[in-house]
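Quick mapping for you: the protein sequence lines, in order, are chains Y and U. All letters in the first sequence, in the order written, are residues 1 to 150 by the numbering used here. All letters in the second sequence, in the order written, are residues 1001 to 1245 by the numbering used here.
Think of the hints as simulated: they come from the structure by calculation, not from any bench. One or more hints might be untrue.
Over 10 Å on every C-beta distance to chain U, these chain Y residues come out as not near it, computed from the model [unchecked claim]:
#, residue
1, Val-33
2, Gln-116
3, Leu-120
For the chain U half of the interface with chain Y, some residues (derived, Cβ under 8 Å), not all of them [claimed, not checked]:
#, residue
4, Val-1057
5, Thr-1071
6, Val-1139
7, Thr-1141
8, Trp-1143
9, Glu-1173
Glycine included, C-beta positions come from ideal geometry on N, C-alpha and C.
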Amino acid sequence: MTFATITATLGDLEPLPERQRLVAFVIAAGLVVLIFELVRRRKLREEYSWVWVITAIGLAVLAWHQDLLLTLSHWVGSSNAVSTLFFGALLFLLALVLQYSVRLSRLTHRYRTLGQRLALLEEEMQRLRSEQTRDEKQPQRLADDRDEVA
Amino acid sequence: MPSPTVLVVPAYREAGRVGVVVRAALALGLDLDVLVIDDGSPDRTSAEARHAGATVVRHPFNLGYGCALHTGYCYALRSGYQRVLQMDADGQHEAAMLPRLVAGLDQGADVVIGSRYLEGQRPPSSLARRIGTRLFAWVATRWTGVRITDPTSGFQGLSHRALASVVNDGFPEDYPDTDVLVQHHRRGLRILEVPVRMHARLGGTSMHRGARVAYYGYKMMLTLLLLPVRRATPLRAPDTVARLS
Chain Y
1 MTFATITATL GDLEPLPERQ RLVAFVIAAG LVVLIFELVR RRKLREEYSW VWVITAIGLA
61 VLAWHQDLLL TLSHWVGSSN AVSTLFFGAL LFLLALVLQY SVRLSRLTHR YRTLGQRLAL
121 LEEEMQRLRS EQTRDEKQPQ RLADDRDEVA
Chain U
1001 MPSPTVLVVP AYREAGRVGV VVRAALALGL DLDVLVIDDG SPDRTSAEAR HAGATVVRHP
1061 FNLGYGCALH TGYCYALRSG YQRVLQMDAD GQHEAAMLPR LVAGLDQGAD VVIGSRYLEG
1121 QRPPSSLARR IGTRLFAWVA TRWTGVRITD PTSGFQGLSH RALASVVNDG FPEDYPDTDV
1181 LVQHHRRGLR ILEVPVRMHA RLGGTSMHRG ARVAYYGYKM MLTLLLLPVR RATPLRAPDT
1241 VARLS
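Based on the sequences and whatever the hints tell you, model everything.
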């Protein structure tokens, strides 16, 4: 497919209406503000925030550069720009949920290992403590026995 | 070390039953210590087991049957036990059958499975479970080359070699059954089935119920499919839990 054909095809695609572009901008800006605020309040860790910031920037860029959005629509075979934005959002959510599942699996391994280690350490501590108590009582008993004999 | 053998009994919400099981095992007069892994039970499971004469390791919260067994294996390895026997705390496994597992280990087997089906016994269970057991018995037999009739049996004996193998990577945290047997075989361990009698649970609820049966089937198939190409489990290699100091 030549450049001229792509340009011709892009001409057939329905661009994003002005009002929707504005809405997309507002959402993107709101998202960035919200993410920064959550990080500021220490309710969201930096390591989880970057995906959201990148998404907001991506949304803003696509809403600003109509050509980019239309080219993307052409690549994914979408007939209008709004669908492409929705499709992008869906992909983003899919990637995010998958990433969380992976993190959750890793955390599960960690908390299970910690639980096991804690249980074993507690048992060991109890055993050592009872051995210590027994050792402390034994010399006392021996001393008492000696006193009785004397 | 008073005994070279430890009996690991994973227990969750087994108050009223675990004490009976521990006493029955100790009454046999075998040279063994009994270790109950209380998997975070909210009831008196720990106290009852301790009162009956068992050593108790208590998970701070519920971690699952496989994890409880794994904790038991880790305890056994770090305490220097030479072999492990394992049985359920719900009264399904008859303590009087433990000498058969010991005899299997004495014969040189690394993994001894107590099978309820070798003597033709058919305890009541649902159709889904019967089909599942048949299917996984067939898979385990084909894969290991050893006739396995009861791949879901938790009534087992392990040699020190097998113990070292299960403590390290790859022991599943939820339902360790056929996949573990296949893994044993892949690591060159000798598997042997011996006939045992089993009973219905003394009470409580089974972990194989409802939608979990379907998940069990899915999980087992997926694990078996990926077994030859799977990577090591993070944090499990080497001996993260077994070596504490």
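Verification of the supplied hints:
{"no.": "1", "hint": "Val-33", "result": "holds, 37 Å"}
{"no.": "2", "hint": "Gln-116", "result": "violated, 5 Å"}
{"no.": "3", "hint": "Leu-120", "result": "violated, 6 Å"}
{"no.": "4", "hint": "Val-1057", "result": "holds, 5 Å"}
{"no.": "5", "hint": "Thr-1071", "result": "holds, 5 Å"}
{"no.": "6", "hint": "Val-1139", "result": "violated, 25 Å"}
{"no.": "7", "hint": "Thr-1141", "result": "violated, 31 Å"}
{"no.": "8", "hint": "Trp-1143", "result": "violated, 26 Å"}
{"no.": "9", "hint": "Glu-1173", "result": "holds, 6 Å"}
Checked against the numbered hints above, the structure breaks hints 2, 3, 6, 7, 8 and satisfies the rest.
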